[in-house]
Amino acid sequence: MREPLRTVQLEVNGAAYTVTVPVRKTLADVLREDLQLTGTHVGCEQGVCGACTVWLDGEPVRSCLLLAIQAAGHRVTTVEALGTVDRLHPVQEAFWENHGLQCGFCTPGILMTVVAFLREHPAPSRQQIREALAGHLCRCTGYQNIVRAVEDAARRLQARRT
Amino acid sequence: MKPPVFDYQDPASVEEALELLARHGAAAKVLAGGQSLMPLLNLRLARPEVVVDINRIDALDYLTEESGWLRVGARVRQRRLEREAEVRRMVPLLTEAVRFVGHPQIRNRGTVCGSLAHADPAAELPAVAVAVGARLVARSRSGVREIPAEEFFTGPLTTALRPDELLAEARFPCTGPDWGWAFLEVSNRHGDYALCAVAAGVRAGDGRIQDARLAYAGAGPVPVRLREAEAALVEHSDLEEGIRAASAEARRVLQPDGDLHASSEFRRHLAAVLTARTVRLAWTRARTRSGGAHA
Ligand SMILES: Cc1cc2nc3c(=O)[nH]c(=O)nc-3n(C[C@H](O)[C@H](O)[C@H](O)COP(=O)(O)OP(=O)(O)OC[C@H]3O[C@@H](n4cnc5c(N)ncnc54)[C@H](O)[C@@H]3O)c2cc1C
Ligand code: FES
Ligand code: FES
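Chains as they are written, first to last, in this note's numbering: chain V, 976 to 1137; chain A, 566 to 860.
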């Protein structure tokens, strides 16, 4: 079978991109390979590890389980939109300060989940944080410092609001 | 690229979707939330010639109450069940069970009907459908038929749907006022498929159980309702005696397969223990329910 292609317009981090891609290509692969947005990582490609988590219309989803062409007409947000090297997002700051990452492979996906989670749960319990992180696998940290980082991030965001 | 080559269609209407399914039959696969189909495509365990994406069909995105039934259209995401307070009032078992389905990131995309159509024997929503007596509305070009949940699930990952049929809607009966419901499961990690899950409902009256529902996931090839265990709950005027009899019945009747996550014996043990816990919880709720509010 020949490779069916489609041309679609994608809105990623507020910018519009027109891409012509194979219909079977996942959003994760198009972000990384066609848009050079390599902050989104690809681990398992079965929805299990969470490394590829991005926002679709502001809600965290697995970009390995979406076809890129399905994202047309929706707003996609990736880790690149959170902060810059000079101006980190408060959640990124908290991960840095609390040693919430080692190799950093899992981090972009975790950040996208955590920022969305703290929006809905500004003062979460430890138990809620652990449940929120359940959809992410980290091979390095043992999670302790990630939980600490999320607690600290919640405090930082609270302090900013008041 | 991980998925195999396929032709992609994204119809904007149900009629167009049914036309595509009629034309391509078993060579086509419906794509709803993609949370089960996309992993299968990425692993190349599924190789459909045509993928029929129903995400553009706005007409399938409805969650409404009609004559005592909650109607859930095929594009309703699992996440919506937990976000809408009305669902808890109408079918509290759905609200309670859906939190056990994967993770929020999965439920943001995964659909209610997709979970039913996928028919994983360890999945939560099929067990809920069987417990409450849901009816599944299958549409094809040749018409509409309503399939009772207990006849819908025919084997692991197998349903009564024909290849040309779309599961257009799931209908869940709204709970009666003196019923209490509970859903509990044991899984290896939060968000994993259940090793065993139990859905229980009891109707309280005159200080005892008048009617009961018990359905199990992860305890056989399809979600099952255990009428013998339900009868045991109604027969015994003493709650704990009824629970003992129902748990023993579950342990006796259920024949779950063992796998690397849990042996058959351990799953039967879980079924018995979870029967007791869910029934106690459902009973407390049935007695404290006043006019529909559910604690
Ligand atoms: C990491 C992870 C964890 C998960 N954990 C759980 C869990 O704990 N419990 C659980 O129950 N599920 C779990 N799931 C699966 C999830 O609930 C899926 O959303 C669900 O099984 C399928 O729904 P979907 O809308 O994503 O369907 P899809 O993946 O789009 O489709 C699944 C199958 O159903 C068919 N189909 C879908 N919709 C229709 C329709 N309307 N008519 C006819 N056929 C249709 C498709 O053709 C396909 O064969 C998990 C998934 C992931 C990735
Ligand atoms: S790569 Fe998407 S969840 Fe692992
Ligand atoms: S920091 Fe290495 S995988 Fe999480």
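It should be emphasised that the hints constitute simulated quantities derived from the structure, not laboratory data.
Note that this is a predicted model, so its numbers are computed, not measured.
From the three backbone atoms N, C-alpha and C, an ideal C-beta is built for every residue, glycine too.
Careful, some of the hints might be misleading.
Chain V residues, not near chain A, derived (Cβ > 12 Å throughout) [claimed, not checked]:
#1 LEU1031
#2 GLU1034
#3 ALA1056
#4 ALA1098
#5 GLN1119
#6 ARG1123
Partial selection, computed: residues in chain A whose CB lies under 8 Å from chain V [stated by the list, open to error]:
#7 LYS567
#8 HIS668
#9 ASN673
#10 PRO786
#11 ARG790
Consistency of the hints with the structure:
Some Cβ of chain A comes within 12 Å of the Cβ of V:LEU1031; the nearest lies about 7 Å off, and the non-interface call is violated. Non-interface status of V:GLU1034 relative to chain A is broken: a Cβ of that chain comes within 12 Å, the nearest being about 5 Å off. Once the 12 Å rule is applied to beta carbons, V:ALA1056 is consistent with being away from chain A; the minimum gap is 17 Å. Every Cβ of chain A is farther than 12 Å from the Cβ of V:ALA1098; the closest lies at roughly 18 Å, confirming the non-interface assignment.
The beta carbon of V:GLN1119 sits about 17 Å from the closest Cβ of chain A, which is more than 12 Å, so the claim that it is off the interface holds. With 12 Å as the threshold on Cβ separation, the claim that V:ARG1123 sits away from chain A holds: the shortest Cβ distance comes to roughly 19 Å. Because the smallest distance between the Cβ of A:LYS567 and any Cβ of chain V comes to about 6 Å, under 8 Å, the interface hint for this residue holds. Taking 8 Å as the C-beta cut-off, the interface hint given for A:HIS668 holds, the closest approach to chain V being about 3 Å.
Contact between A:ASN673 and chain V, as hinted, is supported at the beta carbon level, the nearest pair being about 5 Å apart and thus within 8 Å. Interface restraint check: A:PRO786 against chain V, minimum CB-CB distance 23 Å, threshold 8 Å, status violated. The interface hint given for A:ARG790 is violated, since its Cβ lies 30 Å from the closest Cβ of chain V, which is over the 8 Å cut-off.
The structure is inconsistent with the numbered hints 1, 2, 10, 11, although it conforms to all the rest.
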